[in-house]
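Trainee: We have chain A; now place chains B and C onto it with these hints.
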Amino acid sequence: MESLYNFTSYELREKLFKKKVSSEEVVKSIYERIEEKEEKIKAFLYLCKKEEVLEKARRVDKKIALGEEVGKLAGIPVGIKDNMCVKGIPATGGSKILKNFIPPYNATVIEKLLQEDVIIMGKLNCDEFAMGSSNENSACYPVRNPWDLNRVPGGSSGGSAASVAASEVILSLGSDTGGSIRLPASFCGIVGIKPTYGRVSRYGLIAFASSLDQIGPLSKDVRDGALMLEVISGYDRRDSTSVNMEVPPYLSLLEEDVKGLKVGIPEELTGDGIDEDIRKRLSEAVVLFEKLGVICETVSLPTLSYALPVYYIISSSEASSNLARFDGVRYGYRDFTGEDIFSMYKKTRGKGFGPEVKRRIMLGTYALSAGYYDACYLKAQKVRTLLKRDFERVFKDFDALLSPVAPTTAFLIGEKIKDPLKMYLTDICTIPVNLAGLPSISVPAGLIKGLPVGLQITGRIFEESTILRLAYSFEQNSGYHTVSVKYSRQKPEESNY
Amino acid sequence: MLTLSEVEYVASLACLELTEEEKKIFSQQLGEILDFFRQLDILDTEGIEPAFHSIPLKNVFRNDIKGNSIEHEKALSNAPQREGEYFKIPKIIGGGE
Amino acid sequence: MSYYTIIGLEVHVELLTETKMFCSCSTKFGSLPNSNVCPVCLGLPGVLPVINKKAVEYLLKVALSLDCKIPHRSKFDRKNYFYPDMPKNYQISQYDLPLSQDGFLEIEIDGNRKKIGIERIHLEEDTGKSIHTGTIDKSLYTLEDFNRAGVPLLEIVSKPHMSSPEEAGEYLKELRAILFSLGISDCKMEEGSLRCDANISVNKEDFPELSRKVEIKNMNSFKSVQKALFYEIKRQTEMIERGEAIQQETRGWLEEEGKTIFMRGKEMANDYRYFPEPDLLPLEIDRIWLEEIKNTIPELPREKKRRFVKDYNISNYEATVLCDNFALSKFFEETVRIYDKAPVITNWLLGDISKYLNAENLEITSTKLTPENLSEMLSLIDNKVISGKIGKDIIEEMLRSGKKAEKIVQERGLLQISDEEVLWNLIRKVMDENSDAVKEYLKGKTKALGYLVGQVMKQSKGKANPQITNSIILEELQKKTGEA
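Protein chains in written order, with the numbering used here: chain A, 9 to 505; chain B, 1422 to 1518; chain C, 2 to 485.
The shape of chain A in the complex, shown without the other chains:
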């Protein structure tokens, strides 16, 4: 029999409801898998105690056995990016400065997941405070790409992507500020969804850039992503920026025909900066979509070229303020050598934050400081308006946009870490989407030299169902999603796609 960890949550749900397997068996299989893989992959920062988790699984099994109503994700082992708060278990955000912090409350997404009876396995590794594209900025240890242990899994939700790709969990939650779900999904050959800004509550997500952050699912296929998105979406009165709007039944809308939909391919994201192999994959995808009756045309969004500076100014500015609360007063790490409060602050923050976080705090503080606000921060917000207008214009004629997720496939650990600007360029295709608040998905588009690559499909605000439908028909007709499932049956060193 095939190992249980290989299945999707949708498949496991069927088996669980039909009592063909128990949640306890699924969880046991997951622990076995973790034992086998984790040492190499390093996806977890905190793994919940096996006995406690099994107890929870048995409780779900009991409910099912008694015929009680259970949630949509009942008994499914899930991993949570470590920048979200789960009551009673540590949340570090991948930072030393949050050492020993145990949240006394649950993030809204966690409440929603628990309502649907998921089994939380633990907290997943990430770049410190979600700042990074490679996961090398984790204060603990970098995550390794399951496809090639010498390569990065992408960031910042590297643990979330690698754990799903390696079947250490069935589903995971990540967060996406400038591509942090989609990029690792692409590098690890799985599906990652960044919902419309305001679709999913941010309450309990340790803020990086408040106006850009969104939580989203990472999964083995589109159907699983849709299922998890359905669960975590919806208005939350604790998040003023969440939108009071009905959540469509994403799962049941997946199979609707894509024929007649119009898709644009932004020429700014298919230029020289993008690897030729990736551009080739994009062209093949276009051919496939056209076969399915989708109308594909090249479009131009000139302001996309300015998205990178706009993003780094806005996100760093917001971050510089959001991260001010890490000061050693109420929680987390404190340096005890300081004589007075201000030297305590400086030492705590100087030692508690890693280099990338410090760099961005410096950048953001600079951009907001007297004399630079207008030229830096305000200017960036104005260009953001231009960028949004560009998107609004093309979305009058097009239902979705198709592009690469990143200019390359997974790069080597250490390859870009010394050159921040080069690292920042990794996010060039994903960043504009966050600035405009749009929903976007990364869906596997096969392998290049044995490494996975994703396709980015971006939609109008609150039209997640359209991009899910396009991604689903692409996946079903290309069959690329089965690649990662096949992969996960092998040991990493044996993978030779």
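Because the hints were derived from the structure by calculation, they are not lab data.
Be aware that a few hints might be false.
Stretch by stretch, here's where chain C covers chain A in the computed footprint (C-beta under 8 Å, at least three residues) [stated by the list, open to error]: (1) 114-125; (2) 198-212; (3) 244-252; (4) 336-346; (5) 470-484.
Below, computed lysine to aspartate or glutamate pairings styled on DMTMM-like, alpha-carbon distance capped at 20 Å [stated by the list, open to error]: (6) A:K107 x B:E1438; (7) C:K29 x B:E1443; (8) B:K1445 x A:E33; (9) B:K1479 x C:E125; (10) B:K1479 x C:D287; (11) B:K1445 x B:E1467; (12) C:K305 x C:D68; (13) A:K424 x B:E1443; (14) C:K29 x B:E1492; (15) C:K76 x A:D427; (16) B:K1444 x A:D382; (17) C:K160 x C:D86; (18) B:K1512 x C:E125; (19) A:K57 x A:E33; (20) A:K64 x A:E124; (21) C:K393 x C:E412.
All of these numbers come straight from a predicted model, not from anything done at the bench.
Note that CB positions come from ideal geometry on N, CA and C, so glycine has one too.
Mentor: Okay, now just chains B and C, sitting in the frame of chain A:
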């Protein structure tokens, strides 16, 4: 390049103690990044409203109804140092508002 | 060469909402430290603020009452600076689009009215409280209590339109009266629910280059605001006299020593890096909402004052004093409803009752006196059951115990003697004992009459009805005149 004193000023605003090495690296790296940002200067944004939020919403309120505070012990449970009912911190001298 | 002074005030007012500005924790004063807190007001990782609608409405009430302009759009901003009483190390405040600006407050000084401009009123969150061990300059460590962190705070900034400490005092009194009547704050300066900073510059005509704006902090009563301003005028004037230029700086008021001291200079001014709060959405104040709020605004002190003068036949001064104290004016009107001699009530409220309130530092509402009890006591005087003097004697007990006048009078045996036979006997006795005074009177020294009445009052322990006593003595004396 950012001058060392610019780096030091920004670091003091951000309450970050930097090593001499870090200051040197940041003055160069931040300089490069800021130069890269200057490409925005050529865009004409005269009369353009800034887009502070991704989604255009307004007037989101809560009613003035008491909810649950957290238990006193939980509030203090993560404190690096406490004394009785209070968070304990080093003395305050100068600074502030 | 003459000097003139320019004063502006920044007043912070804690709002009397049930819950905090951005979370649903209680705003109750005096709870166990760090008990009115939650993840939001403790600034834990991951939390988000949500605006308390009541706080916005309270601000709008104040703004409408001070004739401010209320812009259609407003927003919240982050003010970034590090301080341990501020959990997030930024304060959610309002920067360039405050909820209201450009209004005025009218004060009366020496019988003349003067408009003091209001620059802006905005909403923000209060900070927690730091408790220093040891002394401020030799502190060992600090303790933090976050109960107050996040309580809604109004900042009311005046224009620099005041020219003397007296005007500043009047402005504060009038402002407090308005805030009281709106019921949005308890305005207790001692408990910190009303705080005031002042900006002051002394200018010498033709030598403006010597003058700079100086900010004064740490004043904890209206009196200390005025004292600090007087001190500052003296200090700055003396500096200019010596030809010294005044520095732009922030100074702290030391109440015990009666002086201001240097706190920090202009070059230490913080770079607050304000930017729009991304976790909160913009506010749009529409007309319908404003209209609804307008309808909830009660009569304001200045309108009330005019009405009091007109309707109750009391002086402008009396009306001012009554209306400056919202609770007192309310008590007054409730009493007038039961007992219709407004000037008499005014005399009592502004006389003996205010004397007691001032001495005890109390509001009328925190005493046990009720309008009913006061009316009853005044009727007893009118009906000659007790004398006015006895009224004065028992009012304090009424304020303290809430007992009815009649009961106190009975308990103390103070009922007025109006029985002519009883009085007659007492008067005869007094006249016998004071035959010299009687002789004086008969010689034409009418003053002696007062002396005799006084003696009767003394012997009756104030219970003799003065009018009746007076007429009986006169009658007796006239008889003697006849005899003589």
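Trainee: Of the hints given before, which are not true for this structure?
Mentor: 1, 5, 7, 8, 11, 15, 16, 17 and 18
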